[in-house]
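Peer 1: As a plain string of letters, each chain reads:
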Amino acid sequence: MKYIDEYRDGELARGIAARIAEQLRTDRRYHFMEFCGGHTHTISRYGIAELLPASVRMIHGPGCPVCVLPIGRIDQAIALALDRGVTLCTYGDVMRVPASGELSLLRAKARGADIRMVYSAADALKRAREHPDHEVVFLAIGFETTTPPTALVIRQAAREGLGNFSVLCNHVLTPSAITHILESAEARQFGAVPIDGFIGPAHVSIVIGSAPYEPFAERYRKPVVIAGFEPLDVMQAIAMLVRQVNEGRAEVENEFVRAVTREGNRAAQAVVAEVFELRSSFEWRGLGEVPFSALQIRPEFAAFDAERRFGLVYRPVPDHKQCECGAILRGVKRPSDCKLFGNVCTPETPVGSCMVSSEGACAAHYSYGRFRDIEVRAT
Amino acid sequence: MKKGYVRPLDLRHGRVDMNHGAGGRAGAQLIEQLFARALDNEFLRQGDDGARLPAPPPGHRLVMATDAHVVSPLFFPGGDIGSLSVHGTINDVAMLGATPLYLSASFILEEGFALSELQRIVDSMAAASRAAGVPVVTGDTKVVEKGKGDGVFISTTGVGIVPEDRLIGGARARPGDVVLLSGTIGEHGVAVLSQRESLDFETAIVSDSAALHTLVAAMLAAAPSGVQVLRDPTRGGLATTLNEIAHQSGVGMSLVESDIPMLAQVEAVCELLGLDPLYVANEGKLVAIVAPEVADAVLAAMRAHPLGRHAARIGRVTDDARHFVEMATRFGGCRLVDWLSGEQLPRIC
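So the protein lines, in turn, are chains A and B. Every letter in the first sequence is one number past the one before it in my numbering, and letter 177, counting from 1, is 177. Every letter in the second sequence is one number past the one before it in my numbering, and letter 88, counting from 1, is 88.
Fair warning: there could be bad hints in the mix.
To be verified - Examples of chain A residues lying across from chain B (beta carbon under 7 Å, computed): (1) I48; (2) L51; (3) K339; (4) S367; (5) F371.
Stated by the list, open to error - Going by beta-carbon spacing under 10 Å, a handful of chain A positions derived as facing chain B: (6) E6; (7) G10; (8) A13; (9) Y119; (10) Y366; (11) G369; (12) R370.
Said to hold, decoys possible - Listed next, the in silico DSS-like pairs over lysine-lysine satisfying Cα-Cα at most 30 Å (straight line): (13) A:K109 with B:K146; (14) A:K333 with A:K109; (15) B:K148 with A:K109.
Don't read these hints as lab results, they were simulated from the structure. All residues carry an ideal CB built from backbone N, CA and C; glycine is no exception.
Full structure from sequences and hints, please.
Peer 2: In structure tokens:
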């Protein structure tokens, strides 16, 4: 594939790996967090960890929209479909997320709920338009990448005066999650969270630009390198992070210059601002309540807000006690440190959030990397 | 007045109704004018509820395989549920190293299904069966109420014969054996997917749906012994099939990503939709695990056959108590190729 294979060239990768190895200081280790699930997936799928020197460790961050969606939110969606008889449309990954009462959207569907997988928010809107006698609810999830399309369909529904379409909004914000990780108790205690720098998101940054990362790079003295999702992008970003650490710099650098600018996509930002406003607090699975970390639909568009339309009340549901997702998402533990990993918690029967989507830290390690953990046995 | 006082089926505008499954005249008419006419052979002509078949030749065992087909949509580039239901079952028989001889077919029709579409499907089934030289010797039809089915579901069963001393099966892979693949992967899944209503994309990719028994015969002629495992990577794709074999044989596997043949278009569609082609279904490909000393001969026989032109050696069987399938990535790293988790594409066959 032209313009893609170029970023998957094994020869070049070995060249970058050699350059990283030459640069490393022998008196220290390097720990970088890739925030995005997309990067986690790339690192696992292409076996990047194999190419990196032993003293460079990648920590998988919380940037997987399916993984951070709390149980209580899925419960709301299931109740809408099962008890209120709405047609619930959502992205495929969400279907398998375990919810309360042994349910998931997939299992609710098996019980007769009308739940449909869509590839875009526009498909949900189309469904509402074609079935005016059915209430259609779009379960919207995702970071800044999927937010503009949701904003567009809400605006479009308002323009058309559609009376049977609403959105259950779960859009979350990347910068506030990164800040939250850096503000956590372990991070304040010097050296407890070994994060020396971040690989910044690819698609999210296309929308928000590189500027939003500047305040925390400066405030927390952590370098950020925004990288594309191809394996060479990730390798190059790691080389850039190593250089910043060695030189004592903590700047926002952009490896993904072919798509990301400092300002981002202004048109997308404008439509998001028109339709959404900040939520005072939102529960993240694994991270807990994070202030000003998510969006809600503005009162002007209340008619299209499923929470208001159906009078939904949010009830938080605690995660499994032994689940280490929180610590894994903050970089304090690794998937294989969790007692549940590979035993009761597998991609078929996920217990914690990191196992539910292939972009989650645990699922990626289970699916692509567990052959390196001798203690995990396939049965 | 017409012969027999029976008005012929309106194959152009007619639809299936509950009478067609009630065992009365309408059902008999449907069988006679649509099924028997298209699938005609000496066994169907016996006209009984079952077919009387010749005994297997001395020194042979009977093999039998069955397969249900629920593909949606019913028609897709490169095939339809009719041809698929013939190929799928022939391939299951062929993967035992056997020669497929007879098929049975049962149809579950939904009330209201257009007879014109049913005829297209049955004609396609008949063409596939004739091309493969494997007749449909007995069958059955039932009708369910509107909303209780999805047009048509087809179950086929295949019977074949295999020499008594030919033991080919999923438990026979041994460390050191070579993994061969008969061609490019992912075409069937992508072709079906491209026809789904929710996906607006056009592609020139057609399903690879094909009967593989002549390819198997050519391979076994080239290496009468040494072929350990044959399996067609359908649902769950190549990755799932290799994991099944690794598990069944108690071995591991080591693949080389750059050696796995794939069409550029399939790779591009998978890239766009976020699918991993290793998990996308095939309907005209097979995996062969063969002893290293016959690998070259089997590969040459595959490449000489029209259905194996792009055959390749993609890896080897390893000694691994964890039964992992590992793959050297094109990028230069190593990854696990795990079982398919969940469902990548529902109702693909």
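Peer 1: Taking the numbered hints from earlier one at a time, note which ones the structure violates and give those numbers from smallest to largest.
Peer 2: 3, 6 and 14
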